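Chemist: What follows is the residue order along each chain.
Number of protein chains: 2
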Amino acid sequence: MLLCDVGNTSYHFLDEEGDYKQSVKTFDPKTITQKVYYICVHSHINLELKKLENWINIATFVNMQHYYKTMGIDRIFACEAITHGVIIDAGSAITVDVVTNNIFEGGFIYPGVHAMQNTYENISSALKYPFNYDIDLTVLPKNSQDAISYGFFKTLYSEVIAHQKDIYLTGGDAQKLLKIFPHAKLVESLIFDGMKKVLKEIL
Amino acid sequence: MLLCDVGNTSYHFLDEEGDYKQSVKTFDPKTITQKVYYICVHSHINLELKKLENWINIATFVNMQHYYKTMGIDRIFACEAITHGVIIDAGSAITVDVVTNNIFEGGFIYPGVHAMQNTYENISSALKYPFNYDIDLTVLPKNSQDAISYGFFKTLYSEVIAHQKDIYLTGGDAQKLLKIFPHAKLVESLIFDGMKKVLKEIL
Numbered sequence: 001m002l003l004c005d006v007g008n009t010s011y012h013f014l015d016e017e018g019d020y021k022q023s024v025k026t027f028d029p030k031t032i033t034q035k036v037y038y039i040c041v042h043s044h045i046n047l048e049l050k051k052l053e054n055w056i057n058i059a060t061f062v063n064m065q066h067y068y069k070t071m072g073i074d075r076i077f078a079c080e081a082i083t084h085g086v087i088i089d090a091g092s093a094i095t096v097d098v099v100t101n102n103i104f105e106g107g108f109i110y111p112g113v114h115a116m117q118n119t120y121e122n123i124s125s126a127l128k129y130p131f132n133y134d135i136d137l138t139v140l141p142k143n144s145q146d147a148i149s150y151g152f153f154k155t156l157y158s159e160v161i162a163h164q165k166d167i168y169l170t171g172g173d174a175q176k177l178l179k180i181f182p183h184a185k186l187v188e189s190l191i192f193d194g195m196k197k198v199l200k201e202i203l
Numbered sequence: 001m002l003l004c005d006v007g008n009t010s011y012h013f014l015d016e017e018g019d020y021k022q023s024v025k026t027f028d029p030k031t032i033t034q035k036v037y038y039i040c041v042h043s044h045i046n047l048e049l050k051k052l053e054n055w056i057n058i059a060t061f062v063n064m065q066h067y068y069k070t071m072g073i074d075r076i077f078a079c080e081a082i083t084h085g086v087i088i089d090a091g092s093a094i095t096v097d098v099v100t101n102n103i104f105e106g107g108f109i110y111p112g113v114h115a116m117q118n119t120y121e122n123i124s125s126a127l128k129y130p131f132n133y134d135i136d137l138t139v140l141p142k143n144s145q146d147a148i149s150y151g152f153f154k155t156l157y158s159e160v161i162a163h164q165k166d167i168y169l170t171g172g173d174a175q176k177l178l179k180i181f182p183h184a185k186l187v188e189s190l191i192f193d194g195m196k197k198v199l200k201e202i203l
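As given, the protein sequences belong to chains A and B, one line each in that order.
Numbered according to the numbering used here, the first sequence spans residues 1 to 203.
Numbered according to the numbering used here, the second sequence spans residues 1 to 203.
Only chain A is shown next, with the shape it has when bound in the complex:
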């Protein structure tokens, strides 16, 4: 079975042998002839994929009752993957979604690592430091690098742990954020896990 999570920058495939990515700029989905079960956050590409008979959009198989209309389909499938917990999906944005007994409770959007680094730099050249992932978040900072690192990480951390649930980390910067959330479960396949779970119910 071939699965594909189409993001803003790449087609992310998963088959029996593993996962691989293709750029949305260069990849032609017509080159695939077998059946592909997909989700897609990219509205323009989605229109193209709808024309292809072997590409099956599985977004339609999710009960949308508890989600909201403008919520990214990748967030929805990550939520489908778990029964209880907080999901941190760290990409260009960091989305944080809370699931309680299989029901999506709500979620929020925080800037991603790259975006936040730019934000501090643009406020002042005096704040142009790389984030310190080894920062001790139990101590208030007394230097500029830690002051921005704490500002970015600890605020997110304080809010996430307030929900007192298991934490699932996924997305391109998940590995980095594991230093900030050492007790989180790193599940890089979370969206695919959600896709498999939804497919299991319908196939």
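Treat the hints as calculated values from the structure; they're not laboratory data.
Every value quoted in this text rests on a predicted model; they were computed, and no experiment measured them.
Take these hints with a grain of salt, some might be off.
If several chains are the same, the list does not tell them apart, and a pair holds so long as it fits within one copy or across any two.
Below, simulated DSS-like cross-link-like pairs (lysine-lysine); rule was C-alpha separation at most 30 angstroms, straight line [claimed, not checked]:
{"hint": "1", "residue 1": "Lys69", "residue 2": "Lys30"}
{"hint": "2", "residue 1": "Lys30", "residue 2": "Lys142"}
{"hint": "3", "residue 1": "Lys196", "residue 2": "Lys179"}
{"hint": "4", "residue 1": "Lys50", "residue 2": "Lys69"}
{"hint": "5", "residue 1": "Lys128", "residue 2": "Lys69"}
{"hint": "6", "residue 1": "Lys69", "residue 2": "Lys185"}
{"hint": "7", "residue 1": "Lys165", "residue 2": "Lys179"}
{"hint": "8", "residue 1": "Lys197", "residue 2": "Lys142"}
{"hint": "9", "residue 1": "Lys196", "residue 2": "Lys142"}
{"hint": "10", "residue 1": "Lys179", "residue 2": "Lys142"}
{"hint": "11", "residue 1": "Lys142", "residue 2": "Lys200"}
{"hint": "12", "residue 1": "Lys176", "residue 2": "Lys142"}
{"hint": "13", "residue 1": "Lys197", "residue 2": "Lys165"}
{"hint": "14", "residue 1": "Lys197", "residue 2": "Lys69"}
Dock chain B against chain A, hints included.
Modeler: Relative to the frame of chain A, chain B by itself:
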């Protein structure tokens, strides 16, 4: 007595009649002939002011032992103004500083309202919403505008209240943030208060 807090964009004066601002781009400090007690975050302007005999930099009168070298002098004087509490100074950056029994414990830097608005917009046009200051931060969001508003405000809120201290709000966006921190004390004159307190000890 004339006080002046020189920021990155303006000379902020306070005399017996009230406060007023002058742009750093157009104002000539030589036009003032009376004695001015000032602080200045702007290193280039500070060099110019040092040449003027009637401009007295009062940064030198603060015991710097508990502060750190690259910490903005405006943050330091806000800390000098209080004996115990958390200071939120909401400008181009939002600085959060904790003072316990007259001692600066440390602080962090979070992006300001304007910077954060740009950050979300730049991540995706789908996140181009004004922040919702009337958001209910006790409920997890289920729409995009609240998802970014919660991401910006609630993370900051969760961290600030974790310190369990009185909250002092100051800076250009203090009034706006009073909606997020309704129990905070709005003290627009906080930096001037710190300047007066330091002057009281030396004059």
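Chemist: Identify every previously stated hint that the structure contradicts and give their numbers, smallest first.
Modeler: Hint 2 contradicted; others consistent.
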